[in-house]
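Visitor: Chain A is already provided as a structure; the job is to place chain B on it using the hints.
What follows is each chain in one-letter form.
2 protein chains.
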Amino acid sequence: MSEKNKNIGIIGLGLIGGSLALKLIEQEYKVYGFVRDLARFKSSQKVSSQTEKSFAKLTENFEDLKDCDIVFVCTPLRLISGTLREIQPFLKPNSITTDVGSVKSLICEESKKFFRSDCFFVGGHPMAGTEKAGFNNSFPELFESKKWVLIEDKSLAPELISPLKKIINSTGAIIVETDAHKHDQAVAYISHLPLLLSIGLLETVNSIETQELKDLALDLASSGFESMTRLAKGNQVLNEDLLSLNLEQINTCFRDFSELSKKLLDK
Amino acid sequence: MSEKNKNIGIIGLGLIGGSLALKLIEQEYKVYGFVRDLARFKSSQKVSSQTEKSFAKLTENFEDLKDCDIVFVCTPLRLISGTLREIQPFLKPNSITTDVGSVKSLICEESKKFFRSDCFFVGGHPMAGTEKAGFNNSFPELFESKKWVLIEDKSLAPELISPLKKIINSTGAIIVETDAHKHDQAVAYISHLPLLLSIGLLETVNSIETQELKDLALDLASSGFESMTRLAKGNQVLNEDLLSLNLEQINTCFRDFSELSKKLLDK
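Those protein sequences? They're chains A and B, same order as listed. Using numbering that gives the first Met the number 0, the first residue of the first sequence is number 0, and each one after it goes up by one. Using numbering that gives the first Met the number 0, the first residue of the second sequence is number 0, and each one after it goes up by one.
Chain A on its own, in the form it takes in the complex:
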């Protein structure tokens, strides 16, 4: 069976799920979009009837997962584990499920405990995003030339995972395979530490006590300050989740960072 004949379920149509759906629909995949509240989704996200029709199905009912050969869980990070648990009874036998969460150890370890033995789970993390959340801001080119991490699982035969890989490749993303622990260490350095610094910087300037100095600082702030606080101004829910769910790794990075920065000032 070619991938194009497989039904792809996407749970959560925010920026990531929405962009993935748009890209796969563009390539004539059959996409089932799953949202919590269909009426609310349609009104709040201004989904056109054209877009609506382009889905094979737009549903709030996990029972429709019975038709899905490949499932992407694209809910907010903190809801991924719960969603993976919740969908167990509905999954199609032999289907492959993946997720797009930016922290992997916890999700991959937990899912091992409860995942159905007649289905497959592979953790994933597309290194793509913008500051703007929601389906309204999604676009099919989001993954173009971006890295998409898949968590290696030596218990799975390569041919089982190959349909998932083909679909990911068709988004324009480049697959990088590693284990969950290494992934979480690496993203702590290049994604979560930068986020922490960006939030810390913005809070530092916002917390200047003398109003006159604060006003002057913000008045003089230029492109350097802008680019350093861009991440802090992004998706607030995701930012909080990232810092709390990968805390141990981020603490290590922040210690390294603090030591090195102090040395810069001691020179």
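Because the hints were derived from the structure by calculation, they are not lab data. Any given hint might turn out to be false.
[Said to hold, decoys possible] Computed cross-link-like contacts, BS3-like style, restricted to lysine-lysine with a CA-CA straight-line distance of at most 27 Å:
#1 A/LYS91 x A/LYS5
#2 A/LYS131 x B/LYS266
#3 B/LYS232 x A/LYS261
#4 A/LYS266 x B/LYS131
#5 A/LYS181 x A/LYS165
#6 A/LYS181 x B/LYS261
#7 A/LYS213 x B/LYS266
#8 A/LYS165 x A/LYS146
#9 A/LYS261 x B/LYS213
#10 A/LYS181 x B/LYS266
#11 B/LYS181 x B/LYS165
#12 B/LYS56 x B/LYS131
#13 A/LYS153 x B/LYS213
#14 A/LYS91 x A/LYS52
#15 B/LYS232 x A/LYS262
#16 A/LYS232 x A/LYS213
#17 B/LYS146 x A/LYS213
#18 A/LYS146 x B/LYS232
#19 B/LYS111 x B/LYS65
#20 A/LYS5 x A/LYS65
#21 B/LYS181 x A/LYS261
#22 B/LYS266 x A/LYS232
#23 B/LYS111 x B/LYS164
#24 B/LYS65 x B/LYS3
#25 B/LYS146 x A/LYS232
#26 A/LYS164 x B/LYS213
#27 A/LYS131 x A/LYS45
#28 A/LYS65 x A/LYS164
#29 A/LYS165 x A/LYS52
#30 B/LYS261 x A/LYS261
#31 B/LYS232 x A/LYS145
#32 A/LYS213 x B/LYS262
#33 B/LYS266 x A/LYS261
#34 B/LYS111 x B/LYS91
#35 B/LYS213 x A/LYS145
#36 A/LYS213 x B/LYS181
#37 A/LYS91 x A/LYS65
#38 A/LYS262 x B/LYS261
#39 B/LYS213 x A/LYS262
#40 A/LYS153 x A/LYS181
Guide: Then chain B, alone, in the frame of chain A:
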């Protein structure tokens, strides 16, 4: 005498001095460009004969300052105080000198000690720049809509400073007046702290000991990491000067930042 009939000296034709020269020449000001080594400047900076001719004079001789009514000192930050001292014997009586250094207390305090009583000095700092140094990278629009700080000096009558202000306004910049101490505090928060964080982040990732982890981290690094390390990759000489010449203020900001960031991780 209209500003256009005044001779403007620009000492140091790097990114800032060069862009200022190009902008003022474009507006038909008479610009004297001062460089350390004229032959080297012409060859290393690929100055066209057209550009060369557009200067009223291109010189390495401070004696030519005798013709200059307004002087901008645009050397690297660490050389500004020395240059201000060096030009004293050559300044035209009643001329106004300013500088473009990003740290102001030290320069303004020192200059008071030696500046000629028949000439005027006003500290300045255009909040403009790019990652690329040198005359080759300068362009007349650099200051458009950017803030340009002038350090208030109540001993100077407003009409004395007004020609300088007119020239600065003609670059498209917006003048902000404040005192040297407040300036240094404000830029520590919105310019030097961001720079320190950017350098610290880059060094943290570069110092990852395990090669495999470092490779993975750099492989997964995306636009967030790029924008957070942009400042660190800028003008290295300027970066070092900034951190060392405004150290006390930066230390204060970094302490505030460290406390707030630790709180974010303790949540």
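Visitor: Indicate, hint by hint, whether the structure satisfies it.
Guide: Now the hints, each set against the structure:
1. A/LYS91 x A/LYS5: Answer holds: A/LYS91 to A/LYS5 is near 12 Å, not above 27 Å.
2. A/LYS131 x B/LYS266: Holds: A/LYS131 and B/LYS266 sit about 25 Å apart, inside 27 Å.
3. B/LYS232 x A/LYS261: 19 Å, holds
4. A/LYS266 x B/LYS131: 25 Å, holds
5. A/LYS181 x A/LYS165: 24 Å, holds
6. A/LYS181 x B/LYS261: Holds, at roughly 24 Å.
7. A/LYS213 x B/LYS266: 25 Å, holds
8. A/LYS165 x A/LYS146: 14 Å, holds
9. A/LYS261 x B/LYS213: Since the Cα atoms of A/LYS261 and B/LYS213 sit roughly 22 Å apart, the hinted pair holds (cutoff 27 Å).
10. A/LYS181 x B/LYS266: Within the cut-off at roughly 25 Å; holds.
11. B/LYS181 x B/LYS165: Holds, at about 24 Å.
12. B/LYS56 x B/LYS131: Satisfied, since the Cα-Cα distance of roughly 25 Å is no more than 27 Å.
13. A/LYS153 x B/LYS213: Holds: A/LYS153 and B/LYS213 sit about 23 Å apart, inside 27 Å.
14. A/LYS91 x A/LYS52: Between A/LYS91 and A/LYS52 the Cα gap is close to 24 Å, so the pair holds against 27 Å.
15. B/LYS232 x A/LYS262: 18 Å, holds
16. A/LYS232 x A/LYS213: 18 Å, holds
17. B/LYS146 x A/LYS213: Holds. B/LYS146 to A/LYS213 sits at ~16 Å (cutoff 27 Å).
18. A/LYS146 x B/LYS232: 23 Å, holds
19. B/LYS111 x B/LYS65: Holds: B/LYS111 and B/LYS65 sit about 21 Å apart, inside 27 Å.
20. A/LYS5 x A/LYS65: 12 Å, holds
21. B/LYS181 x A/LYS261: Given pair B/LYS181, A/LYS261 holds - Cα atoms ~24 Å apart, limit 27 Å.
22. B/LYS266 x A/LYS232: 19 Å, holds
23. B/LYS111 x B/LYS164: 21 Å, holds
24. B/LYS65 x B/LYS3: Satisfied, since the Cα-Cα distance of roughly 17 Å is no more than 27 Å.
25. B/LYS146 x A/LYS232: 23 Å, holds
26. A/LYS164 x B/LYS213: 25 Å, holds
27. A/LYS131 x A/LYS45: 15 Å, holds
28. A/LYS65 x A/LYS164: 21 Å, holds
29. A/LYS165 x A/LYS52: Holds, at roughly 25 Å.
30. B/LYS261 x A/LYS261: Within the cut-off at roughly 15 Å; holds.
31. B/LYS232 x A/LYS145: 22 Å, holds
32. A/LYS213 x B/LYS262: 21 Å, holds
33. B/LYS266 x A/LYS261: It holds: about 24 Å lies between the C-alpha atoms, which stays within 27 Å.
34. B/LYS111 x B/LYS91: 17 Å, holds
35. B/LYS213 x A/LYS145: 18 Å, holds
36. A/LYS213 x B/LYS181: 10 Å, holds
37. A/LYS91 x A/LYS65: Distance ~5 Å between A/LYS91 and A/LYS65 Cα, so the pair holds.
38. A/LYS262 x B/LYS261: 18 Å, holds
39. B/LYS213 x A/LYS262: Answer holds: B/LYS213 to A/LYS262 is near 21 Å, not above 27 Å.
40. A/LYS153 x A/LYS181: 15 Å, holds
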